[in-house]
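Novice: Protein chains in written order, with the working numbering: chain E, 21 to 229; chain G, 21 to 229; chain X, 21 to 229; chain Y, 21 to 229.
Incorrect hints may have been included.
The list treats identical chains as one, so a pair stands whether inside a single copy or across any two.
Stated by the list, open to error - Capping the alpha-carbon separation at 27 Å, the derived lysine-lysine pairs in DSSO-like fashion look like this: (1) Lys152 to Lys69; (2) Lys79 to Lys36; (3) Lys79 to Lys69; (4) Lys36 to Lys152; (5) Lys69 to Lys36.
No lab work stands behind these hints: they were computed from the structure.
These numbers come from a predicted model, not from an experiment.
Number of protein chains: 4
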Amino acid sequence: MEAEKPRRRTRIQTEKRELILDAALEIFSQHGFRGATIDQIADGAGMSKPNLLYYFRSKEEIHITLMQRLLTTWLAPLRELDDVGDPISELRSYIRRKLEMARDYPRESRLFANEILQGAPRIMPMIEGELKTLVDEKAEVISGWMRSGRIIHTDPYHLIFSIWATTQHYADFDVQVRTVLGPLRGGEERFEDAARFLEQIFVDGLQPD
Amino acid sequence: MEAEKPRRRTRIQTEKRELILDAALEIFSQHGFRGATIDQIADGAGMSKPNLLYYFRSKEEIHITLMQRLLTTWLAPLRELDDVGDPISELRSYIRRKLEMARDYPRESRLFANEILQGAPRIMPMIEGELKTLVDEKAEVISGWMRSGRIIHTDPYHLIFSIWATTQHYADFDVQVRTVLGPLRGGEERFEDAARFLEQIFVDGLQPD
Amino acid sequence: MEAEKPRRRTRIQTEKRELILDAALEIFSQHGFRGATIDQIADGAGMSKPNLLYYFRSKEEIHITLMQRLLTTWLAPLRELDDVGDPISELRSYIRRKLEMARDYPRESRLFANEILQGAPRIMPMIEGELKTLVDEKAEVISGWMRSGRIIHTDPYHLIFSIWATTQHYADFDVQVRTVLGPLRGGEERFEDAARFLEQIFVDGLQPD
Amino acid sequence: MEAEKPRRRTRIQTEKRELILDAALEIFSQHGFRGATIDQIADGAGMSKPNLLYYFRSKEEIHITLMQRLLTTWLAPLRELDDVGDPISELRSYIRRKLEMARDYPRESRLFANEILQGAPRIMPMIEGELKTLVDEKAEVISGWMRSGRIIHTDPYHLIFSIWATTQHYADFDVQVRTVLGPLRGGEERFEDAARFLEQIFVDGLQPD
DNA sequence: CATGAATGAGCATTCATTCAT
DNA sequence: TATGAATGAATGCTCATTCAT
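Please build the complete structure, drawing on both the sequences and the hints.
Specialist: What follows is the structure, encoded as structure tokens:
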């Protein structure tokens with residue numbers, strides 16, 4: 021109801037907000053929105069609860085801010101998928117980049133998965149807007165490649181879903197993956213192995229004879 | 021932590037426990053463990069909170085019970101993967117069954133995903149035990165098929181992970197899938213389309229020339 | 021948003037609710053809505069805060085319940101003002117009853133005053149409805165008495181306001197009244213003195229020569 | 021509790037203090053002492069919260085300062101009641117002035133009412149001192165008029181209370197008055213109507229035959 | 001003078017669990 | 001078995017006040 025006074029940000033404000041967002045990412049991705057407490061986040065950010073609430077008005081505001089940034093980074097690899105490049109190497113790069121993100125930013129992946137799992141209560145508009153638009157656009161690019169015979173014919177949407185699912189799996193189901201692979205194969209090399217496998221499936225599999 | 025006194029159960033007890041577990045599945049899969057409340061579950065099961073706690077000692081006990089059953093059902097398709105069958109049709113069936121489960125039991129899938137996402141705090145022993153054992157065993161079956169040249173050579177573990185990831189995606193990321201596909205392609209037929217795509221990738225792709 | 025489950029009330033429920041309402045009346049009338057805390061009320065009612073919230077869902081619900089009852093009792097004297105009685109003795113009785121209420125139920129008077137002072141944020145509908153309707157009706161009765169020459173002609177609405185103001189003053193401004201009157205005249209007899217004065221002003225003053 | 025160091029004030033200090041007091045009057049009269057926040061007052065005064073607290077050490081200090089001024093203005097009409105004037109026209113003027121104050125300074129009236137309602141926790145000394153002294157004095161003046169037969173015999177204290185109550189009612193119970201009078205009679209003319217009624221009651225009614 | 005930053009104490013409300021019947 | 005009643009421990013958020021600059 022109240023008018024948001026759009027506070028101009030000082031340097032300290034910006035820095036502290038980053039601190040908070042980082043701590044929040046850790047906590048939210050681990051416990052989900054409801055499972056996370058402001059206390060935990062404040063602790064992680066090294067400040068008191070009321071002080072944290074001086075930078076963000078509410079738990080939800082932190083979450084929303086996180087989500088907005090997240091989506092942008094998260095969609096970056098897909099956004100780079102280039103119409104004019106070579107289809108095979110474009111797809112290969114896309115898968116590589118997605119896997120790298122799963123390896124380097126697993127918290128972001130889990131935060132996103134958490135939100136979608138619960139029905140995307142706080143992120144739906146972005147899914148319907150930005151995300152859908154981008155996917156539609158890139159699906160069209162892929163369809164073009166198919167029509168021109170540069171990759172075999174298949175469903176571009178489900179192709180994208182599958183790439184998402186398989187790559188993000190290494191972040192979202194990390195504990196399971198590592199446990200199943202065991203100490204011998206569950207180290208960092210698992211990402212190399214996954215990359216090799218996924219290329220075989222998606223890249224070789226899509227290559228016309 | 022306390023030793024469970026193994027109470028003998030009457031028929032009524034068993035029925036009520038089922039009622040509770042069903043309600044709990046609904047709530048837990050929707051809100052996660054911490055986000056769910058006993059009140060909601062009791063409501064869903066049509067009984068009072070203390071009465072519910074007569075059948076299960078605590079919120080966690082419900083969750084654990086649910087998880088135990090879940091894993092068994094969840095692994096059933098993989099367990100059916102038959103050593104002596106035809107590899108190609110075995111894999112095809114496996115993918116089909118997993119997709120059917122994603123379609124028919126999305127709550128179970130989400131509950132499982134939720135748990136793993138949070139680091140499997142309550143299910144780790146089963147992952148390390150039952151699940152890992154089964155995967156190891158079936159990976160060996162698949163390896164056997166590869167060695168005998170009946171399917172092409174690749175990594176059986178990552179193959180299993182990929183089948184899990186892609187099929188479960190249709191349950192866990194359901195909102196996103198339907199939103200992106202839009203009203204025209206996001207109906208029940210999405211499972212058919214997915215099946216067709218996944219067979220192309222996994223079955224045709226693994227076929228030796 | 022949630023559907024109110026209309027709880028059937030047990031005897032204990034009813035008794036405890038009364039206890040709470042009584043304590044709340046004490047606290048609210050003393051500190052106002054915002055100034056009162058649930059802790060204070062729970063303390064006054066001899067129970068824990070969560071226990072109190074088992075009987076009333078929120079602070080506001082207590083206040084609303086209190087207000088609803090209040091208005092009914094509060095308007096009772098005016099409601100008894102009888103069309104067919106003798107105007108002079110009707111007015112005399114009305115003033116007496118209002119003064120008795122100020123003496124015997126000062127907390128109710130103050131609670132009401134508090135609410136109106138703050139712009140009646142939680143009671144406006146009742147003012148616009150029940151209260152206005154009743155006043156309109158009784159103003160018409162008084163007007164009738166005037167038209168028939170049984171009391172002198174004046175404004176019936178402002179007459180009612182003045183009776184309200186003067187009688188309630190002995191509850192609402194009690195501290196001031198007692199302080200000004202001092203120990204000699206500020207005891208219980210102040211109500212007798214007030215009654216005598218008010219009758220002189222309102223009753224004798226309205227009498228036609 | 022600490023001894024106030026009597027700070028000498030610059031002109032700017034004085035101006036800012038006025039700004040603050042005006043904003044505080046608005047807020048305190050609307051929400052009561054506990055319901056008001058320093059933030060709201062600082063906002064209303066167009067300054068930051070710590071800056072406001074540079075001019076007044078605490079919320080309470082603002083309130084006390086406000087109360088002290090208030091009482092002086094508030095008692096001015098009574099103070100003007102003149103021993104040597106004509107009793108009837110003195111009383112008439114007194115009522116007029118009090119009604120004008122209710123019309124022009126309703127916030128002051130409500131602030132005062134609020135404080136008394138809560139038992140005058142912060143203003144008691146002034147009630148016992150300044151206010152009581154003045155009332156005693158003026159009651160004696162009125163008694164003199166009665167003894168000399170210039171107005172009829174009645175209780176001067178309760179007469180003063182009644183004039184207070186009835187006039188202040190138009191400020192303190194403003195919402196109720198306007199709601200009951202409705203759009204047709206609840207405009208600014210309500211003060212004229214009230215004045216006419218009150219004169220009839222108090223002035224004509226006190227006139228010896 | 002002015003303000004951004006920080007905090008301890010408080011507050012309404014929720015929730016898992018226990019107790020008595 | 002079943003439930004009404006009770007509560008300790010959170011939990012999100014507010015607010016008067018202080019501190020540093």
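Novice: It remains to establish, for every hint, whether it holds in the given structure.
Specialist: So, going through the hints one by one against the coordinates:
For a Cα distance limit of 27 Å, the shortest separation of Lys152 from Lys69 qualifies neither inside one copy, at 36 Å, nor across copies, at 42 Å. In the homo-oligomer, the alpha carbons of Lys79 and Lys36 lie at most 27 Å apart inside one protomer (15 Å), although the nearest pairing across protomers, at 30 Å, exceeds that limit. In this homomeric assembly, Lys79 and Lys69 come within 27 Å of each other (Cα to Cα) both inside a single copy, at 11 Å, and across copies, at 24 Å. Proximity of Lys36 and Lys152 under a CA criterion of 27 Å is satisfied in neither setting, with 32 Å inside one chain copy and 43 Å between copies.
When the C-alpha separation of Lys69 and Lys36 is checked against a cutoff of 27 Å, the pair qualifies both within a copy, at 13 Å, and between copies, at 22 Å.
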